[in-house]
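Asks: The chain contents come next:
2 protein chains.
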Amino acid sequence: MYRKHTCGELRIAHAGQDTTLAGWVQTVRKFGAITFVDLRDRYGITQLVFAESLSAELDEQPLGREFVIQVTGTVVERSNRNPNIHTGDIEISVKGFRILNRSSVPPFTIQDDTDGGDDLRMRYRYLDLRRNILKRNIELRYSVNRSARNYLHEHHFMDIETPFLIKSTPEGARDFVVPSRMNAGQFYALPQSPQTFKQLLMVSGYDRYYQIVKCFRDEDLRADRQPEFTQIDCEMSFVEQEDILNMFEGLVKRIFLDVKGIDYTDAVQRMSWEDAMWHYGNDKPDIRFDMMLCNLKKPDSVFTDKKDYIDLIDGAGFNVFDNAETVVAISVPGAAEYTRKQTDELTDWVKRPQIGMQGMVWIKCNADGSIKSSVDKFYSEEKLKAIAKACRSNPGDLILVLAGAEERTRKAASELRLEMGERLGMRKRDEFKLLWVLDFPLFEYSDGDNRWVARHHPFTSPKPDHISVMINNDPSIADPAQYLAHPYAQIKANAYDMVLNGNEIGGGSIRIFQRDLQEKMFAALGMSEEESLHKFGFLLGAFEYGAPPHGGVAFGFDRLCAILGGSESIRDFIAFPKNNSGRDVMLDAPASIDDKQLDELSIRLK
Amino acid sequence: MYRKHTCGELRIAHAGQDTTLAGWVQTVRKFGAITFVDLRDRYGITQLVFAESLSAELDEQPLGREFVIQVTGTVVERSNRNPNIHTGDIEISVKGFRILNRSSVPPFTIQDDTDGGDDLRMRYRYLDLRRNILKRNIELRYSVNRSARNYLHEHHFMDIETPFLIKSTPEGARDFVVPSRMNAGQFYALPQSPQTFKQLLMVSGYDRYYQIVKCFRDEDLRADRQPEFTQIDCEMSFVEQEDILNMFEGLVKRIFLDVKGIDYTDAVQRMSWEDAMWHYGNDKPDIRFDMMLCNLKKPDSVFTDKKDYIDLIDGAGFNVFDNAETVVAISVPGAAEYTRKQTDELTDWVKRPQIGMQGMVWIKCNADGSIKSSVDKFYSEEKLKAIAKACRSNPGDLILVLAGAEERTRKAASELRLEMGERLGMRKRDEFKLLWVLDFPLFEYSDGDNRWVARHHPFTSPKPDHISVMINNDPSIADPAQYLAHPYAQIKANAYDMVLNGNEIGGGSIRIFQRDLQEKMFAALGMSEEESLHKFGFLLGAFEYGAPPHGGVAFGFDRLCAILGGSESIRDFIAFPKNNSGRDVMLDAPASIDDKQLDELSIRLK
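Protein chains in written order, with the numbering used here: chain A, 1022 to 1627; chain B, 1022 to 1627.
Okay, chain A solo, but in the shape it has when bound (with noise of 0.2 Å):
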């Protein structure tokens, strides 16, 4: 070892030791004669002081930033401890020491405000790993990985390893492939995720499956987006989605604990996925804070058994309100106070092409009882009070209304929601709070195809009661415009996802155990039984030898590290991530291959 010692560990017990650390220079400072270096490693910084004695040969073999050294000397205590660190009450009184490896001039400083840009600390992203902000994350994933292994290992979970060189499926996303050399003309799929094989474990008895795994999507990449991702896969047999949501909040709960030392002792609470949208607009709705839509008036053909208030904005004559699909408020608690020109700034806002509202409908609520709004032509105050009143507005509240298509209008109304709630602080970094979204739908329509997807996945079971709806009416849709009408618009699935402060962070489902269920699935998604059975012959198979019933959940890792550590980025929880167009920048990858290789594997390009 050339350490006897980490640059962490030393403390005022130690001091009249001898000891031999080895690290990083981070600063040299001189004062006079004497020398002054900080040494860093994982563990921590150590003050050395070189003594006058060491200047000669300082001199001969002067010391820079990131030079790798070696030291050996005695622990001393120190006159002027420096509180901020665990080794601030000693320094090393150095004897002798060796450099190990030089170092160029970094190309950014290598500190917690560094000078470098984004593209440069990808470049030498080596570099950028040092600095504590970056070294912090990758601890703490490293902690979340063990925390989670724990636990599944406590509940008799085992960690089997499914293949990465598997069969193209494309179903949804966009498969990687990889040319086989040895079978000319032929693929293998990277996996977008362990479904099949687990499921497949399931069927062999494994019971209780998990893996913190590679999965790879060859999708158009946005902003916190990355090709290549890591989940917590997990699956369970004999179970209904009751053991399901228990076993996994614990989970989470287990990792709150030990990682960031929370007790979440509350129960996790449940929502349905229509009481997600009608009451956030949103399927992953942040619950830190209040601040629910109030549905002023609802879209004739979902939410059927929900109750709006088109009463109290109906046959007033304002066409923006009459015309819309959808008109939803929310009421921002002490905000009457606001301006001409903040409630400009607001239109502006709900204006701009990413939420593409028309425009924006206020109503003050002064504390004072009066009542004031952008429409006061078409509405009367007792009518305003009365909608102030389906919105539980207090007196001192800013109610903000939008108008128009149902999608659009639901979504633009959660965006303004988690904005206000940002910007009046209700959305705390440092609280936590969980939330189940059950009851999704089975299916979603496409467009393009005219034919139903699933919502989940195709492994997915309807709800039991729902399971004859699928069975007994045709998938095919004959009139795209009516497409809601159809009964599979109204069957829901036996599907869940956790959300975590208005981030999804895992979801799963009960599967199709049955064979007959499966392949009426298949059908429903526009397969042919030709196709069914090429692309999913096995699993089909494997349903025919006593299936038992099984479900799990998959939690995406990366983004359940970022939250935990209080950031939005994905990336700076990954030692080697990929930037925006999938390039690894520090490798300067993906890139040509040889000619050779391109033979071998029987392609050419195009």
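Be careful, since some hints might not be right.
Identical copies carry no separate label here, and so any pair may be met within one copy or between two of them.
[Stated by the list, open to error] 27 Å max Cα-Cα, derived DSSO-like pairs, lysine-lysine:
hint, residue 1, residue 2
1, K1406, K1449
2, K1025, K1393
3, K1617, K1627
4, K1393, K1627
5, K1156, K1328
6, K1372, K1156
7, K1025, K1484
8, K1484, K1305
9, K1406, K1051
10, K1513, K1398
11, K1274, K1025
12, K1025, K1156
13, K1328, K1025
14, K1328, K1410
15, K1328, K1449
Simulated from the structure, these hints should not be mistaken for laboratory data. Given the structure is predicted, the values throughout are model-derived calculations rather than measurements.
Starting from the structure of chain A, add chain B where the hints point.
Replies: Okay, now just chain B, sitting in the frame of chain A:
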């Protein structure tokens, strides 16, 4: 939950309790009106008793092998206990049952002694995985995984994930490549190992890294190779070889203890590569038994400092020995009684193409002290006795002598030694002997290209006192026939392999961490500066900014599990393996893909 207890859980203490079980029907046996069912799950087997009162129901819904059922009933003491299973003291008096899923008749019996052939079982892998023997293997694999993680965690290693979509840098084995859709004409590669990434993590200061990680090699598959395989991959900074050896023999000992209950307290034996080749003809000797090679004649160009016994065989007019480059013997204990038929059979054995010898000489050291050989014509009894003495033979031993070209002969002697060890029962299944093989040559000579290739990989450092040999000599080889005379042939590496019972289970090295030495290495391997910058520029760059001394090891996880499980076949320890053509016959992968996919990837088939 569909069950209250598992099928492996109930004991006599539960007698009288009501329970619910779920699992697979292993067997159905009728005795008159009473039906006995063995119900199986991951945890064991429990006997169910269906009384006469249930026979009508059973007639209506007959149970078959591998049906999945749920039963409720009462735990009762068995009259005829079964001591072979943990639940053998009790049975369940069934009150009611429900068929959760039916099963077709499986294509082979799901028993230890199955009637299914290899191909059939690969196709229905999900059924084969139900068999006890495979279940035990998968469970063993998980316990090795868990044990390794625990040890490494306790020693401050962090699991840090490295990317799977990297850059193709073929050097040694072929890469699998992945066409990039977003970067037309460019390719990612799948990692053959995370080698360069773990080194970058050392440069980043992470100090102790590990991963249990999939790696990929597109090689022509030998019997027991897989295109994707798993490594326990580790790296440490600020260490010398001695530190690595201690740390990782600790890891393997811990696995022995946790997984096999073996307290391996002996120090792990160490042997130089030269000694391994000299005494065992092999760089991964099985040291469970002795029977070392006796070198009667060594080749001119290698083993320059070893002593042979050429004076004992030379000048007797026996051309086979006189003309051979190498003559080696083994002394097989207690085999002097072998008949002519037996020695002839052994001679045939060494003449098989896999061994490739022209013949074999035998010398019998009879129990009465007399000596007899197949070369009595050439060697006097006195000479033969001197040879027997050199071979450290005892009365009763049979000496077998091989002669020929160095490489083939040494390999054949090694194979013969292992074969005789096997025949004599010296390779005990339940005995585990670890060995470190050290001081490997840094380079190997590549015939085809008349250049040096890295024996381990290009990142392995030479022994410190061999660095100057490497720096001060031109790597080019003037006369291919004399390559052994080149100074590079004598350079030894800071590399080590861990050998278990004659199998290499892991290997590693202390790495180069200086840019100039790494550049010299690339040049020695015939890489132009441009090529080395294109392929490994990121690593050379990293070495400029304070790279610490570091080294590591990678264990072949599949093989380690197989050996611990007492098997030679890694396939039995992988849940979903490929066959010898790299195909997954269950999935039928690889397979052709859609033209649309090819189009999107900008490639065509040739």
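Asks: Hint by hint, note whether the structure agrees.
Replies: Outcome of the hint check:
no.	hint	result
1	K1406 <-> K1449	neither (32 Å within a copy, 89 Å between copies)
2	K1025 <-> K1393	neither (73 Å within a copy, 62 Å between copies)
3	K1617 <-> K1627	both (16 Å within a copy, 13 Å between copies)
4	K1393 <-> K1627	neither (65 Å within a copy, 73 Å between copies)
5	K1156 <-> K1328	neither (51 Å within a copy, 55 Å between copies)
6	K1372 <-> K1156	neither (40 Å within a copy, 60 Å between copies)
7	K1025 <-> K1484	between (62 Å within a copy, 23 Å between copies)
8	K1484 <-> K1305	within (21 Å within a copy, 58 Å between copies)
9	K1406 <-> K1051	neither (72 Å within a copy, 78 Å between copies)
10	K1513 <-> K1398	neither (43 Å within a copy, 92 Å between copies)
11	K1274 <-> K1025	between (38 Å within a copy, 24 Å between copies)
12	K1025 <-> K1156	within (23 Å within a copy, 45 Å between copies)
13	K1328 <-> K1025	neither (71 Å within a copy, 42 Å between copies)
14	K1328 <-> K1410	within (15 Å within a copy, 102 Å between copies)
15	K1328 <-> K1449	neither (32 Å within a copy, 77 Å between copies)
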